[in-house]
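Peer 1: Sequential numbering from 78 applies to the sequence shown in the numbering used here.
There's no promise every hint is true.
[To be verified] Subject to a maximum C-alpha distance of 25 Å in a straight line, what follows is the list of computed PhoX-like cross-link-like pairs (lysine-lysine): (1) Lys207 with Lys125; (2) Lys94 with Lys125; (3) Lys207 with Lys94; (4) Lys94 with Lys212; (5) Lys125 with Lys212; (6) Lys196 with Lys94.
[To be verified] Computed beta-carbon distance windows for the label pairs: (7) Lys196 with Phe218: 34 to 40 Å; (8) Arg87 with Ser115: 40 to 46 Å; (9) Ala194 with Val171: 23 to 29 Å.
Hints were generated in silico from the structure; no laboratory data involved.
Glycine included, each C-beta is placed from N, C-alpha and C at the ideal position.
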Amino acid sequence: MALRALQTRRFDSQNDKVLLEATTQTLQDLGFTISEASSDVGVIVASKQRDAHESGQVAAQIGLTIMMALLGGVNTPTWDQEQTIRVTVSALPVSNARQTEVRTSFDRILINNHGHAWKAELLMEPQLYKEFFEKLSAAAFLEAHQI
Numbered sequence: 078m079a080l081r082a083l084q085t086r087r088f089d090s091q092n093d094k095v096l097l098e099a100t101t102q103t104l105q106d107l108g109f110t111i112s113e114a115s116s117d118v119g120v121i122v123a124s125k126q127r128d129a130h131e132s133g134q135v136a137a138q139i140g141l142t143i144m145m146a147l148l149g150g151v152n153t154p155t156w157d158q159e160q161t162i163r164v165t166v167s168a169l170p171v172s173n174a175r176q177t178e179v180r181t182s183f184d185r186i187l188i189n190n191h192g193h194a195w196k197a198e199l200l201m202e203p204q205l206y207k208e209f210f211e212k213l214s215a216a217a218f219l220e221a222h223q224i
């Protein structure tokens with residue numbers, strides 16, 4: 078229930094197509110590329126690539142490699158190289174209400190310095206969802222009023 082509350086907002090509009098257009102614009106403003114969109118079923122899927130380097134992670138791997146070499150062992154250092162952040166948004170009219178429910182989920186796939194995807198995780202930072210819905214609210218207002 079907590080996850081659903083984090084990912085879901087209701088908008089005072091029955092026009093889910095206008096809301097999906099505002100969602101598309103919001104995602105593009107945030108640097109996402111739309112990969113799939115269907116206004117018929119009310120779904121948008123988008124993604125963006127980002128660097129995933131963490132200097133502490135790289136330094137630890139290099140330190141481990143040096144230590145293994147001193148001990149006569151072999152270690153192939155591995156660290157996060159890049160990440161693909163994906164977002165899925167669905168918009169559905171709320172029955173018996175003049176509202177549309179928007180549910181959003183963000184996840185990421187980490188790719189290491191050897192080019193292998195090794196970890197996928199759901200992003201659950203409340204601030205991420207809060208900022209997205211604030212931007213979407215502003216875009217939906219502008220779209221509804223054709224500003």
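Peer 1: Run every hint past the structure and note whether it holds.
Peer 2: Results for each hint:
| no. | hint | in the structure |
| --- | --- | --- |
| 1 | Lys207 with Lys125 | 19 Å, holds |
| 2 | Lys94 with Lys125 | 23 Å, holds |
| 3 | Lys207 with Lys94 | 22 Å, holds |
| 4 | Lys94 with Lys212 | 17 Å, holds |
| 5 | Lys125 with Lys212 | 18 Å, holds |
| 6 | Lys196 with Lys94 | 34 Å, violated |
| 7 | Lys196 with Phe218: 34 to 40 Å | 37 Å, holds |
| 8 | Arg87 with Ser115: 40 to 46 Å | 21 Å, violated |
| 9 | Ala194 with Val171: 23 to 29 Å | 37 Å, violated |
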